[in-house]
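When the sequence shown is numbered by this note's numbering, its final residue is 846 and no position is left out of the sequence of numbers.
Just so you know, these hints were derived from the structure itself, not from any lab.
Beta carbons: idealized from backbone N, C-alpha and C, even for Gly.
Errors might be hidden in some of the hints.
List time: in silico BS3-like cross-link candidates among lysine-lysine, alpha-carbon distance up to 25 Å [said to hold, decoys possible]:
id: 1; residue 1: K82; residue 2: K466
id: 2; residue 1: K82; residue 2: K365
id: 3; residue 1: K619; residue 2: K598
id: 4; residue 1: K508; residue 2: K521
id: 5; residue 1: K360; residue 2: K314
id: 6; residue 1: K43; residue 2: K193
id: 7; residue 1: K755; residue 2: K619
id: 8; residue 1: K466; residue 2: K371
id: 9; residue 1: K657; residue 2: K553
id: 10; residue 1: K314; residue 2: K334
id: 11; residue 1: K372; residue 2: K508
id: 12; residue 1: K372; residue 2: K314
id: 13; residue 1: K546; residue 2: K556
id: 14; residue 1: K466; residue 2: K171
id: 15; residue 1: K657; residue 2: K171
id: 16; residue 1: K314; residue 2: K365
id: 17; residue 1: K314; residue 2: K291
Label-pair ranges, simulated between beta-carbon atoms [to be verified]:
id: 18; residue 1: P754; residue 2: H616; range: 53 to 63 Å
id: 19; residue 1: Y198; residue 2: L524; range: 28 to 38 Å
id: 20; residue 1: E475; residue 2: L382; range: 56 to 66 Å
id: 21; residue 1: D44; residue 2: D183; range: 21 to 31 Å
id: 22; residue 1: D640; residue 2: R236; range: 40 to 50 Å
id: 23; residue 1: K726; residue 2: E384; range: 53 to 63 Å
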Amino acid sequence: MAAPLTDSERRRQISVRGLAGLGDVAEVRRSFNRHLHFTLVKDRNVATPRDYFFALAHTVRDHLVGRWIRTQQHYYERDPKRIYYLSLEFYMGRTLQNTMVNLGLQNACDEAIYQLGLDLEELEEIEEDAGLGNGGLGRLAACFLDSMATLGLAAYGYGIRYEFGIFNQKIVNGWQVEEADDWLRYGNPWEKARPEYMLPVHFYGRVEHTPEGVRWLDTQVVLAMPYDTPVPGYRNNTVNTMRLWSAKAPNDFKLHDFNVGGYIEAVLDRNLAENISRVLYPNDNFFEGKELRLKQEYFVVAATLQDIIRRFKSSKFGCRDPVRTCFETFPDKVAIQLNDTHPALAIPELMRILVDVEKVDWDKAWEITKKTCAYTNHTVLPEALERWPVSMFENLLPRHLEIIYAINQRHLDHVAALFPGDVDRLRRMSVIEEGDCKRINMAHLCVIGSHVVNGVARIHSEIVKQSVFKDFYELEPEKFQNKTNGITPRRWLLLCNPGLADTIVEKIGEGFLTDLSQLKKLLPLVDDEALIRDVAKVKQENKLKFSAFLEKEYKVKINPSSMFDVHVKRIHEYKRQLLNCLHIITLYNRIKKDPAKAFVPRTIMIGGKAAPGYHMAKMIIKLVTSIGNVVNHDPVVGDRLKVIFLENYRVSLAEKVIPAADLSQQISTAGTEASGTGNMKFMLNGALTIGTMDGANVEMAEEAGTENLFIFGMRVEDVEALDQKGYNAREYYERLPELRQALDQISSGFFSPKDPHCFRDVVNMLLNHDRTPGSGPRRSSGTSHVRASSPATGPSRSTPETSGAWSPPTCRSHPPTSPGISPLPATACLLQGCFWRALRIVVVA
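Construct all of the structure, not just a fragment, from the sequences and the given hints.
See below:
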């Protein structure tokens, strides 16, 4: 008999009486055929595989809709505090399989599709990735939405419905070529347009000060059309909403211009307006691109805040007329989480609405704004902290510039009163940066206008307090917190690695899928030979499956019994793919020098996208592919070493490679990676970690024991000391023969015989301008790799490894969540020893 529900669990349950039951194979089959005929207007004679995917997607969506409506009814009836997660990125990936997993529909759909003579896995592969993100920032947002729905929190994700997401990456002659990611060209079965909630967003214009207040006049208007996507929790009947805004031109088509032949003029303004939601991260190397980026940031903020205030005023289900006019309770009912600085304009926009529109006193409006907003910082890299020219604000958002100046003046007056005479401190803490080109520091605006500021890993949060925002921390230390990033175990274990999930379920049950701390129940089984064999079998099956995928999609044949050494991240100097390249060349040279020496076969996979305007990142991709061309075709090396660049790395590809990985590379320079979540995904799927003491690696190493990860390189304090002393790469070049040989090969054109000087910029950077030392750590990196490829000297088999940094605990303890929700333990254990011994069976046996 099931245990009775607690009060909190009961409140989270959504009534589903009268809805179609889950797991009814016949009902799934009937619904599939109904949608094929009546939604797609096809029969089996003319239907394409894509039609079958859409019929299945609509079938699954039918099971969401009733729960989605009832969830919103539940929220309106209870009127809880609502969490609004504002992000320019939501890297959702594919939706079909995740929805089936969370609803518990996967087995029924699999059987129904099989009975129809189709293959579920083939249909899943047809779905386009919703690539509305560039990397960890957007994927974290997606995990948070999943986890908040699973926790039954009244949460909403707000972003932009980009017509073209992150570009599709093609590798042509070793170079990255960007192609448009037209992910909507076949339609999106999951979204629902809401034209009745379309809202105006204003740009440009002028500001008029009158005795009655301030008015923003003569503006250009763009309409924001909302598209809602359901976000189901894991088997709790909760379905939350992600609302994405699409830019539409107002209905003022210039018919006269069109009729007299001025077609271009008639549609020009319309196209310019709708460009706002056209593409994720337009190239901001020129003025128009910068202005479009700022327009995007204000567009999502302005539309979202209007929507939030509409919902706040109409708080009860069925009430269409405003019932709330007093904004003093606004922070009790609304929590706005700013995912990095991109939505920072929410602070002056909320002030504008409260002061100019709702006629709230400035001081009261500022108190409400601060209590409502919370800010997550995701980077310590100076170039990634947004700074906008004042002149651009003056033209595009004149009223907001006035508000920012007023906020800054009050802030500086407060600082001056506490630190009299400290002019330099005022300069450092100002939102307005003086100089030839005055700029607005958006990170400073976020810190000033939020009641909580959090970093995303403990070491990152310390850097935030002691370096990036040191002055602000001294002013308000209680404001700063740490919330280590996390992942959802539903997508990153149950969905992508069902074999391992089933193995764990057989031993300890399903509770770990919503509470990873329950993985500690595996500790007594650390020496269970049956479990070790089962884990090894799953890993080998995943490697065979991924090997077949590579052969089919990339036309590359690899040794599935080799060690899969995986380094998949956005391509960037601080991610140090170049350090990995130097190690690969060293391994190659060692094999060539002594071909008879024993060598654990290794397949090194590197994947990630370079920003279109980032020259050095594109050079790194070219170097990786060039090294691969030499290594992979050398008969002396054979299948002992292969180098593969994983083209067009994205969420759906991550779901394939992560379960197959043996070794996870997390090698950023200490103090540069805010957190990282890829490290957690690999660990959860049984990969061993080689890396530096950076980001979440630090907490992982503390939980698992540093002896159970392959840690190398400098700590943050060592990097700081080296910066003060001065990093001299040539010193390492002269002192380390293997490093010198590798760099000389790159420089001489060994890997680019048709263009010997191809990598001149790379070598020059490594020897003369390396901001993220890649040459110095080569030796300690190599030592760690030797340990990683030698199971006899690997981690203790009896020591547990952490893999419990997951998004529900972070969501439970995150600033905007409702009071009274206590965090679960931030870590939980998987068996390092079990995984290590399983890896030995897979790679060495």
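So which of the earlier hints does this model not fit? 1, 3, 11, 14, 17, 18, 19, 20 and 23
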